[in-house]
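Q: The residues making up each chain are set out below.
Protein chains: 2
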Amino acid sequence: MPFDLVPGATIGILGGGQLGRMLALAAAKLGLKTHVYAEDPESPAFDVASMRTIAPYEDEMALTEFAGTVELVTYEFENVPSRTASILSAACLVRPSPETLAVCQDRLAEKEFLAAASIKTAPYMKVDDAGALARAVAQIGRPSILKTRRFGYDGKGQVLLREGADLAVTFRTLGGTPAILEAVVPFAKEISVVAARGPDNAFAAYDICENIHENHILKSTRAPARLPKEIAAEAVRLTRVIVDALDYSGVIAVEMFVVGEADGRGDARIELCVNEIAPRVHNSGHWTLDGAVTSQFEQHIRAIAGWPLGAPNRLGAQEGEHVEMENLIGEDVLAWAKILGEPGACLHLYGKAEARPGRKMGHVTRIVPSPIL
Amino acid sequence: MPFDLVPGATIGILGGGQLGRMLALAAAKLGLKTHVYAEDPESPAFDVASMRTIAPYEDEMALTEFAGTVELVTYEFENVPSRTASILSAACLVRPSPETLAVCQDRLAEKEFLAAASIKTAPYMKVDDAGALARAVAQIGRPSILKTRRFGYDGKGQVLLREGADLAVTFRTLGGTPAILEAVVPFAKEISVVAARGPDNAFAAYDICENIHENHILKSTRAPARLPKEIAAEAVRLTRVIVDALDYSGVIAVEMFVVGEADGRGDARIELCVNEIAPRVHNSGHWTLDGAVTSQFEQHIRAIAGWPLGAPNRLGAQEGEHVEMENLIGEDVLAWAKILGEPGACLHLYGKAEARPGRKMGHVTRIVPSPIL
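Here the protein sequences line up with chains G and Z, keeping their order.
So in our numbering, spot 13 of the first sequence is number 13, and the numbers just go up one at a time.
So in our numbering, spot 64 of the second sequence is number 1064, and the numbers just go up one at a time.
Some hints here could point you the wrong way.
[To be verified] EDC-like cross-link-like pairs, simulated, lysine to aspartate or glutamate; straight-line CA separation at most 20 Å:
1) Z:LYS1338 x G:GLU58
2) G:LYS229 x G:ASP166
3) Z:LYS1338 x G:ASP200
4) G:LYS338 x G:GLU324
5) G:LYS338 x Z:ASP1004
6) Z:LYS1219 x Z:GLU1324
7) Z:LYS1120 x Z:ASP1004
8) G:LYS126 x G:GLU276
9) Z:LYS1120 x Z:ASP1244
10) G:LYS338 x Z:ASP1200
11) G:LYS219 x G:GLU271
12) Z:LYS1219 x Z:ASP1244
[To be verified] Quick look at which bits of chain Z chain G covers, simulated, 3 or more residues with Cβ under 8 Å:
13) 1002-1013
14) 1030-1040
15) 1140-1147
16) 1303-1314
17) 1335-1341
None of these hints come from the bench; they were simulated from the model.
Ideal Cβ placement from N, Cα and C applies to all residues, glycine included.
My request is simple: use the sequences and hints to build the entire structure.
A: Here it is as structure tokens:
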């Protein structure tokens, strides 16, 4: 198979946060250069990139110049404006594709895509105005969640609709923009499948991630998730259906709810319900940096470059072992010195100056039980 | 213990080759910025550094500016001019110290330091001119090796002195600079100890490295070295004596010859003879990137920052497992695509444009037997 990139090539990365930073570090390991394009002059990815562009994502002149310096563009967030994606894809490879972006950056398009692939999601309805919201509530009931179709992350752009809440006020709270109303899924646990697909259709999934959120932000991940084997296999199968339908290239994360009994006995009815698709490396895959043969960041670079995928095998895979990743959010990061002193704890800091509340400052990975104690 | 650096601080790195590059990558993982100072505009470390200075190591104005932007300076090579080290250390911390540099950049000073610490080396004599060379040959015999006192690496700056060679011509071949004559040690194998010491006297050694050289360049390393336990322990003890005597901060590599029977039976007489001290991260420690809990690069950053040392434990440490590192020298690197397709092989490329003969282009690490086959 011909490779799309050779060592020494430059990958453009849209977005300069910690995901862009860890992608740039992985590219460097493989002898590739990176050009990071981001709006914020303080973007942490700039510190490890060969080239930097500070410009808005709508700056067509800057985008054209950027595209002229790179062989391929990828991104760390799915809210890349479609005009941006089309300017870039006219000049160079964009992976994952602009078509994938279009699906994954719009909650309605994503839900419709999943429905077309016969994949179960929470019941939902399109909400374009307060009247539509009233009709959706009549159908879906309460509590339910009103979510903007675009630009949501870490709980932003969504509001829980309880009994008695004024619908018009709620709709205005979210900015009056196109939205969807989703039923609340009574899940037993949240999982994600982090997997990669190459342009040649190669596929590799990591062990399923079991995720704990706090205040809508991922707090910790445990791999492998505690699930009956057949449910884990089904989660991977659904992911494969999704990447094939998208003709996907790169690492993807598919968040799912596990509904029903999930205690491993396997005799009760368990269902998987896809919550969200992230067409990129994902926080729940950070454990792979220290806990897998190939990290999700290297895997993404391999996949978009058209290179063979790396082994996704977990380290710490002896009987009774698992891997834990804990996010350091806001002032959690003040524990850095203590974590450095903890034998076997692998600390990652993102180089962000201010530990603002809710800001992801770093993470720590542990193989449990620690192999070195 | 107070830490000398906090996350967000900037570490200056003298030298922009692959060692500087991998140090910069490790610093970034820990939330530190780097400023790489190197002469060559094509230095591979520039691609992953927050700041770059392209200037000669003797440029006092550039050095002063550089020192003003960093909290601490370290280096990837020991031939830092002493004037350079003293300008820098007047402005900020330099680790390892300028005193250590002075010892390790001069083969004579290094040998005398080792002798003072009662550590065995090859017999040697100081050679300042052709007459001294004749006297040294009379004492040490042939074959022996004439080595310049400074600026030698990968076999450069040394010549094997055989029977019949003209001494005056040989001395001129090496540039007529101060040198030493060393006896040839009939070694059974070459090993190195890669270890770290913190400013608080913390110490951590990796498993002993067993090294194979080709054309004076490291070709491969195997960890752990096949040695009787008591010899391995003695190698670590000697390293500890060395770092304590130097009041060392950082990662160090001590190359040693194993003389005598080294087949593990332990009944023959085995001696260790120190060949060279590298006051820095070292090629024979590259396996730690994929084969140890903490890489030598992260360990060096931790040590010079005054942070707790990380666990040096080997991965792939089940019964019968070991780690192998193979250098990709010159056109070896053309095998990159094949290596990418090898399950479990961890490929590192240094981002160098030209695969010149003898040039270190990358390396590959394998845990043997592969845990994923």
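Q: For each hint given before, does the structure comply? Return the numbers of the non-compliant ones in rising order.
A: 1, 2, 7, 11, 12 and 15
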